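Enquirer: Here is what each chain is made of, one letter per residue.
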Amino acid sequence: MDSLRQLAINEEGFVFNPATGESWTVNSTGLYILKLLKEGKDEDTIARQMAAEFDVDLETAQRDVVDFVEKLRSYRLL
Amino acid sequence: MKKPYEKPVITKVETGLMNKFGNAPYYARKVRTAIDGVSIDALVQQFGSPLFVLSERQLRENYRKLYRAFAARYPNVQFGWSYKTNYLQAVCAVLHQEGAFAEVVSLMEYEKARRLGIPGEKIIFNGPYKPVEILEQAAAEGALINIDHFDEIADLEAVAKKLGKQIRVGIRVNMDTGIYPQWSRFGFNLETGQVMDAVKRIQAGGHLVLTGLHCHIGTFIMEPDAYAQETAKLVQLKYSIEEHFGYQIEFLDIGGGLPSRNRLKGTYLPPEILLPSVEEYAEKITQALYDHLKPGDFPTLVLENGRAIVDEAGYLITTVVASKRLPDGRKAYIADAGVNLLFTAFWYKFTVEMDRDLPGVNESCVIYGPLCMNIDVLDEGTSLPPLERGTRLIFSPVGAYNQTQWMQFIEYRPSVVMVMEDGTVEVIREQEDLSDIERRERLPEKLQLNSIAAE
Ligand SMILES: Cc1ncc(COP(=O)(O)O)c(C=O)c1O
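For the record, the sequence lines run as chains A and B. Residues in the first sequence are numbered from 1 upward in steps of one, following my numbering. Residues in the second sequence are numbered from 1001 upward in steps of one, following my numbering.
Just so you know, these hints were derived from the structure itself, not from any lab. Model, not experiment: these values are computed from the prediction. One should not assume that every hint holds.
[Unchecked claim] Among chain A residues calculated to face chain B with C-beta under 7 Å, some are:
id	residue
1	16
2	23
3	26
4	30
5	33
6	54
7	55
8	56
9	62
10	64
11	68
12	70
13	71
[Said to hold, decoys possible] Computed list of lysine-lysine pairs in DSS-like fashion (alpha-carbon distance at most 25 Å, straight line):
id	chain 1	residue 1	chain 2	residue 2
14	B	1331	A	38
15	B	1112	B	1084
16	B	1003	A	38
[As the list claims (entries may be wrong)] Not close to chain B: a few residues of chain A, all C-beta gaps over 12 Å, as computed:
id	residue
17	5
18	6
19	40
20	41
21	60
Beta carbons: idealized from backbone N, C-alpha and C, even for Gly.
Sequences are here, hints too, so could you generate the full structure?
Expert: Have a look at this one:
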């Protein structure tokens, strides 16, 4: 979680890691998940919250959150 | 009201790095909802997935375009359809209707052409292995046999004696046209003088009559000048043979090898930019003829193009059956078709289209086939938006060499349909089932397992 906390995230979906100089772009749902992760929410909670707010079924939301988290891991953000 | 949903995506910003998929920016995508007006969805509903789809219209258009490019420049042109490129009966029949002879390279292909109703005189018989029984049939039926090696000269002489007639033949020649690798294993070499030795040998035997020269310099030849050289050398050889041996060389067969609008792996430019047009090839070849032929001499120019005619007429519809995340962060999709069906995936990078527009930015991904084999990769690096399970991916062009080199391996081979010019869809090869796989097998009585169970 540490590297997540030090990320600068802006509302346009631009993500910057001042420690390494790396940057990323995220789309709106990606941004949504990132922010909740930063708040310390777990994957299941995030998926449920997302299914309630967005036009997506819970199963898809769960799969997509897991997939997104794995992608963050590949960038060593988690 | 709920907010519209888009799958979450995060993409690293790479500065100063040339994007390898330069022409695939974050939102670029290719969507195809139909083939010749028939919807992808309807095709899959009716015939299942995966599904090979061939377009009759595209097949005829490609043939005519190529044929006209040559026929408009030279008075005596004959095409031979290279069976090995695609010998589904429906494909061959369309091309025979267009006027092509059959170009075959084995006993099986010869029998296929005959069964389809092609008479011997309209069959060009090439290849390094022609068993004596089929040589005999081909000679008796008047096929145009192009000899590959000295042993075949001897075989044909024996056939001529048996049939009690002289056999008209061509010989295959290989030569340096500046193309690497040089295909030197077929026919007789020009530069070493082997060709002339073969002609001498044929004349000494007295049973064969040399009437033609054949050469096929390779495949996916991107250099029109190579054909110009080939043509010039064949014309010079023709005159030299006519002068020294008194034969009349009536046809010059320059083989096939023109590229299709496909993309070879490792090339980043799209084929439209990289590949010369059909007209450029036709211009170089016919110019070489006019530069070297004697005035008034117009031997038949034979061409045997395969991939240039059929590749773009073929599509493979596949379905995304699963997705996963690779340890390196890339997305991977598993499709229901793999290299068992797309043999040409080993050297082509296909166009991949989706059957629907999907939201989200592109991310780099890999497309795997269904085989439990590491080599089963349809595309090792492309850029697609996050795909839903069940999305159809349409691969093209896949009409050349796949329906002949596909493997019956692990999976059944799917249906092949042809979208006809009138908009109807015909099944031209049915999907396989277990009976196709096991029809030729015999299980010895002693090994029958159900007899054990019955005890
Ligand atoms: C003798 C001969 N003719 C024609 C062809 C057709 O080649 P292509 O599909 O490259 O036009 C081949 C293919 O290998 C061949 O061996």
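Enquirer: Against this structure, judge whether each hint is valid.
Expert: Evaluated hints:
For residue 16/A, the interface hint is violated, since its Cβ never comes within 7 Å of a Cβ in chain B; the closest pair sits about 9 Å apart. Evaluation of the residue 23/A hint against chain B yields a held restraint, the C-beta minimum of about 5 Å falling below 7 Å. For residue 26/A, the suggested interface contact is upheld, since its CB lies about 5 Å from the closest CB of chain B, less than 7 Å. Among the interface hints, the one on residue 30/A holds; its C-beta lies about 4 Å from the nearest C-beta in chain B, closer than the 7 Å criterion.
With 7 Å as the threshold, the beta carbon of residue 33/A comes within range of chain B, its nearest partner Cβ sitting at about 5 Å, so the hint holds. With a least beta-carbon distance of about 4 Å to chain B, the hint placing residue 54/A at the interface is held under the 7 Å criterion. Restraint check, residue 55/A versus chain B: the minimum CB separation of about 4 Å is within 7 Å; hint holds. Among the interface hints, the one on residue 56/A holds; its C-beta lies about 4 Å from the nearest C-beta in chain B, closer than the 7 Å criterion.
Interface hint status for residue 62/A: violated, as the beta-carbon distance to the closest one in chain B is roughly 12 Å, over 7 Å. Interface hint at residue 64/A: satisfied, since its Cβ lies 5 Å from the closest Cβ of chain B, which is below the 7 Å cut-off. The closest approach between the C-beta of residue 68/A and any C-beta of chain B is roughly 4 Å, which is under the 7 Å cut-off, so the hint is satisfied. Taking 7 Å as the C-beta contact cut-off toward chain B, the hint placing residue 70/A at the interface holds, the least distance being around 4 Å.
Evaluation of the residue 71/A hint against chain B yields a held restraint, the C-beta minimum of about 6 Å falling below 7 Å. Distance check on the hinted pair: residue 1331/B and residue 38/A sit about 24 Å apart at the alpha-carbon level, within 25 Å; holds. About 11 Å separates the Cα atoms of residue 1112/B and residue 1084/B, which keeps this hinted pair within 25 Å; it holds. For the proposed pair residue 1003/B and residue 38/A, the alpha carbon gap of about 22 Å is at most 25 Å, so the pair holds.
Non-interface status of residue 5/A relative to chain B is upheld: no Cβ of that chain comes within 12 Å, the nearest being about 17 Å off. No Cβ of chain B comes within 12 Å of the Cβ of residue 6/A; the nearest lies about 16 Å off, and the non-interface call holds. Every CB of chain B lies more than 12 Å from the CB of residue 40/A, the least distance being 18 Å, so the non-interface label holds. In this structure residue 41/A is separated from chain B by more than 12 Å, as the shortest Cβ-Cβ distance comes to about 14 Å.
Not every CB of chain B lies more than 12 Å from the CB of residue 60/A, the least distance being 8 Å, so the non-interface label is violated.
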